[in-house]
Amino acid sequence: MSNQKVASSLKDIDSVRTMIKRAKFNDHLFGTIGLLCITLILITLLILFVDLVVDGFPQLTNWDFYSNFPSRRAARAGLLSALVGSSLVMLVTFISAVPIGVGAAIYLEEYAPKNWFTEIIEVNVTNLAAVPSIIYGLLALGLFVYTFDFGNSILTAGLTLGLLILPIVIVATRESIRAIPVAIREAAYAVGATKGQVVGQHVVKYSAGGILTGVIIGMARAIGETAPVITIGALTFIAFLPEAPISTTPPFLNFEWLTSSFTVLPIQMFSWLSRPSSAFHVNAAAAGAIIILVTLLMNAVAIKMRYNIRKKIKWQ
Amino acid sequence: MNTATTVLESTQGTTISPRLAKNFRRNIKERLIEILLLLCALSAVFTTVAIVAILVYESFAFFEFVSIVDFLTDNQWTPLFEDAHYGIMPLVSGTLTISFVALAFAVPVGTIAAIYLSEFASHKTRETVKPILELLAGVPTIAFGYFALLLVTPLLQMVFPELPTFNMLGPGIVIGIMVVPYIASVSEDAMRAVPMSMREGSYAMGATRFQTAMRVVTPAAISGIIAAYILAISRAIGETMVVAIAAGQQPNLTFNPMDSAATITAYIVQVAMGDLPHGSIGYQSIFAAGLVLMLMTLFFNVLGHFTRKKFREAY
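As given, the protein sequences belong to chains A and B, one line each in that order. Take the first sequence: its position 15, counting from 1, is numbered 15 in this note's numbering, and each next residue is one higher. To get this note's numbering, take the position in the second sequence, counting from 1, and add 1000.
Hint data in this document are derived by calculation from the structure and do not stem from the laboratory. Don't take every hint at face value.
[Said to hold, decoys possible] With a straight-line cut-off of 30 Å between C-alpha atoms, the simulated DSSO-like cross-links for lysine-lysine are:
#1 B/Lys-1124 to A/Lys-311
#2 B/Lys-1309 to A/Lys-114
#3 A/Lys-24 to B/Lys-1130
Being a predicted model, the structure only gives us computed values, none of them experimental.
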């Protein structure tokens, strides 16, 4: 009887041991698979970048590529009009999105009462962040191009991308405003500051770093965005530059460039990519390498900045 | 402030002291600032209203010409041909097939990556990988389009020689790669939100990390993880450039990923690249297609929103 008991418990221990062994094996197996998945993602990013640089290398190292207009011959085609177009569109985007985005965020964090009206605004901001970018293109086509009659101009493109990155700027600004302790505001009120002064001289000032990261991420998104700009009817073959915004003769500034037709980097890349000839694919790869380099750099700067802000600022 | 002002006014009669005048100016300035900021905030509401108004207005014009029954049941989409058909089904089938391929790739990879980052990885690994995931999420979609057409599809053609240059499999996988960081980071956030005590309880019973992850953490975070999948579907549906470049632009009523097909977004791009006159039926058709796209993404966004809300209430 007792012998049997011992034998069965020994058997139990054996089965427990194999169970533990199996569980440990599964644990290691999953650890390896997980690591593989992570590596796969990281390697994809690397391959994507390396592939573009390698394919576009002949054009990337060719200085004429940066100073030529588009051409029917792949080897002579260049990025000049796209570079200038992208810069000018980004200028409009920056000027339109940043003040409105920061203003909206300040309102929602500092002024808005807690009621259904504020709730509606908040739901709208969240929802806009999830609207596909091409829908913004359709909005701009109906509203800016035809209703306001801006045409397919730099102004239209800049405003469209401005609307697109508005939610990004709003969310980033709200987050960094929320991180400022109430004590800072109370101290300012205690010495007689008005609400406007508290916001202008303290809240905005201390959240500037966080706002900047949001703006950089938003602008990086806008630079690479293609679909909405195609939808408003950007041209792919632009062999001239818009009027320079700044001149040496009075009145020094002119705004004719706003109504000029234009092309931007991703559209230039798309147009080269849609051609069957592989010579143009080299140009597309070179343009892609430039776009990806710019956006990665901007995102990297923003992520690093955010990390530093989180680490450095300790309010108490 | 208001009561103080009235008292001062009644004692001093009609003359206003400099201090009061300053207060008055200050109050006006404060009100102006508030109104200005409110207008900024309202821009979000205006944008939404404008999107809906434009899509509905132009679609109305479209549906005066095309019956809704035809739109939903016809199995051809050829608005630009002589023999025009206006059935949205081929575009929807393309959109759904590509999204399905994307999710079939992204769900396993993204979930495993999230579980690994949340439960297995050391603090240092997590702090290094998460920013890189963010970087990957910031890569412009046009670059992924190049990737799909000139790298992934040729690689797939080595495995499936009969695969055409334009197909739905390549772009589907590439969109999957694009949404992996999204699924991984949202699911990882959901898993991080599971209280530590639940893990400790599981470890105390002798469970391994894998058992804890699968039987404790994942079930507890499941609604957050599902919300991540749903929001990823919405992204895949709205993705444009990868599909416009690498899937071909022929509307094709098929669910076979080896075929070429057009999605709603690819159709809009195709029309916009051409030169359609304002007010023509082709011009209006992109708004009708856009309305369908908007409704599809809205459905998944709302669904995802509520799923996630449920998970937030749990702890």
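Exercise for the section: Find the hints from earlier in the document that the structure breaks and name them by number, from lowest to highest. Expected result: none
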